[in-house]
Structure formats: structure tokens, C-alpha cells
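So the sequences go chain by chain: H and U.
The first sequence finishes on residue 283 if you use our numbering, and the numbering steps up by one all the way, no holes.
The second sequence finishes on residue 449 if you use our numbering, and the numbering steps up by one all the way, no holes.
Everything labelled a hint here was simulated from the structure, so no lab data went into it.
Bear in mind that the values here come from a model prediction, so they are computed numbers and not experimental data.
Wrong hints could be hidden among the right ones.
In the DSS-like style, the derived pairs of lysine-lysine whose C-alpha atoms are separated by at most 27 Å in a straight line are [claimed, not checked]:
1. H:Lys274 / H:Lys255
2. U:Lys376 / H:Lys255
3. H:Lys260 / U:Lys376
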Amino acid sequence: MPTQETDHISYQRSFYVEGGNFNYAGTVSTSIKSILKQMDLPNDVVRKSALVSYESEINIVSYARKGVIKLSIYSDIIQIEAIDEGPGIPNIELAMQEGYSTATQQIREMGFGAGMGLYNIKSFSDKFDISSEVGKGTYLKMIINKFSSR
Amino acid sequence: MDIETIVKKLNLKVRCAAANLKKTVSGGYTGDLLSDVMAKSHEGDIWITRQVHQNIVAVASLKDHAGIILVNSCEPAPDTLERAIQENIPIMVSEMNAFELTGKIFHLLTTKD
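Work out the full structure, taking the sequences as your base and the hints as a guide.
Encoded structure:
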């Protein structure tokens with residue numbers, strides 16, 4: 134859904150993310166980064182978008198059965214949505230806290246699950262929305278302003 | 337300072353992307369928590385870590401790191417190497433631990449040659 138009704142979409146692509154498969158973790162965000170890089174966007178905008186994509190992708194791989202990351206580019210903003218089918222988040226406020234994590238030991242040993250993912254997503258997004266239904270899945274919407282950084 | 341100079345001065349073993357060692361190292365970051373590295377490291381950093389699995393390549397590539405150095409003589413996993421070759425990201429191995437190596441690189445980067 135566009136944030137501004139007058140804003141028209143110039144590019145849209147969805148990427149499938151498989152839950153539990155760390156072998157491909159990071160490939161979607163790498164693709165998103167290279168797409169944005171080719172569009173001559175400011176470096177900072179590319180980096181922020183890459184970071185929020187990466188953290189969302191890792192969250193799907195770590196916790197969900199499967200998910201989709203949808204990149205939509207409007208004239209002034211980049212919108213990244215992460216929609217997964219998974220356990221959902223019972224307490225979003227708690228999940229947003231830096232350091233809080235429900236990751237397994239195995240995930241932590243790989244250097245994930247430090248409880249920084251959602252926190253980082255929020256701090257690197259210009260606008261961030263989250264909703265979740267226990268037993269169904271989680272929806273994240275991240276907006277990065279194209280011309281926010283100088 | 338480029339990666340090649342650091343490799344020579346600190347006797348690092350280059351495991352891949354040996355043709356890509358002319359990249360300038362503008363700083364460094366040490367850490368094993370991938371989200372921390374994602375959030376706090378910068379473009380051009382040399383990343384010092386103990387993680388050897390293939391996800392380190394995605395992080396280094398997303399953050400435009402100059403390269404990765406594995407500490408304590410830890411070797412990259414085979415699929416890590418494969419991916420790093422694809423992405424042309426140099427991976428080096430050091431016998432030093434993270435503390436020692438970080439200190440030495442910090443010294444190299446902050447001392448005028």
C-alpha cells in the first residue's frame with residue numbers, strides 16, 4: 134500500500150524467503166542492495182535499505198516457516214515489507230527491546246539472535262510498522278526516505 | 337593503507353580473492369554478533385571475527401567491507417570460501433586472537449607510515 138496516495142510506484146519486486154535455511158540467508162538483501170545501487174540512490178539510503186532488508190530476512194529464516202520480502206520504490210521513498218507465515222510475536226513491545234530474543238542456542242552460536250534485529254530495523258527505518266498474529270505470522274513495513282540523507 | 341600491506345605486516349594468510357587486496361582499509365570493526373556488525377561497522381572497514389560460516393560473506397558484502405580476517409587460526413568453511421570468491425571479498429586468517437589482532441591493526445591504521 135502506498136504511503137502517499139499521489140505517489141506512484143516505479144519498481145516492485147517480491148522475493149521468497151525460506152524459513153530455517155541459513156544457506157541462503159542474506160541473498161535477498163544482497164539482491165535488494167544491488168537493485169538500489171543501480172538506481173543511483175545516495176549511499177546512505179542504499180545502506181539503510183540493505184540493513185533493514187537483511188534483518189527482516191534473517192528474522193524470517195530464524196523464526197518463520199516461509200515469507201516474502203517485497204521491495205516497492207516510489208518517487209520519494211523505498212518501501213520494504215516482510216510478510217511471514219510463522220509463530221508470530223506474542224508481545225511486540227518486548228520483542229522490540231534491544232537484547233530481547235527467543236533465538237535457539239544454535240542460532241545464537243552463528244552470531245544471530247542477539248536481540249538486535251527489530252531494534253535495528255526500527256532505528257534504521259524512517260518509518261516502521263509492525264503487526265503480528267500469534268500462530269499466523271508477522272508483518273513488517275519499513276520506509277526509507279530516498280532523499281533524507283545529505 | 338591497503339589490505340596487502342596489512343597482510344604483509346601481520347603475516348596473514350589469504351584464503352580467497354587474492355587479486356582484490358589493493359582495496360583501501362579505512363577502519364576496522366571487531367565482532368561476532370552479526371546484527372551488531374551490520375549496525376555499527378562502516379564501508380571500507382576490515383572486519384575481524386571468529387565466525388567462519390557463510391553468512392559472514394553476506395554481511396561483509398552488504399556493508400562494503402574491505403575484507404574479513406578470521407582470528408585464532410580459524411579457517412573459513414568451504415561454502416564460506418565459495419561465496420566469498422563469488423562476491424570477491426578477501427578472507428584472511430590470523431594466528432592472533434581478536435584482542436591482539438585488533439590492537440595491531442588499530443595501531444597500523446592510526447600511525448602515519
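Now for the hints, and whether the structure bears them out:
1. Note on Lys274 of chain H and Lys255 of chain H: the hinted pairing holds, with a Cα-Cα distance of about 10 Å set against a maximum of 27 Å.
2. Taken as a hint, the Lys376 of chain U and Lys255 of chain H pair is honoured in the structure, with Cα atoms around 15 Å apart against an allowance of 27 Å.
3. As the CA atoms of Lys260 of chain H and Lys376 of chain U are separated by approximately 20 Å, the hinted pair is consistent with the 27 Å bound.
Consistency note: the structure conflicts with none of the earlier hints.
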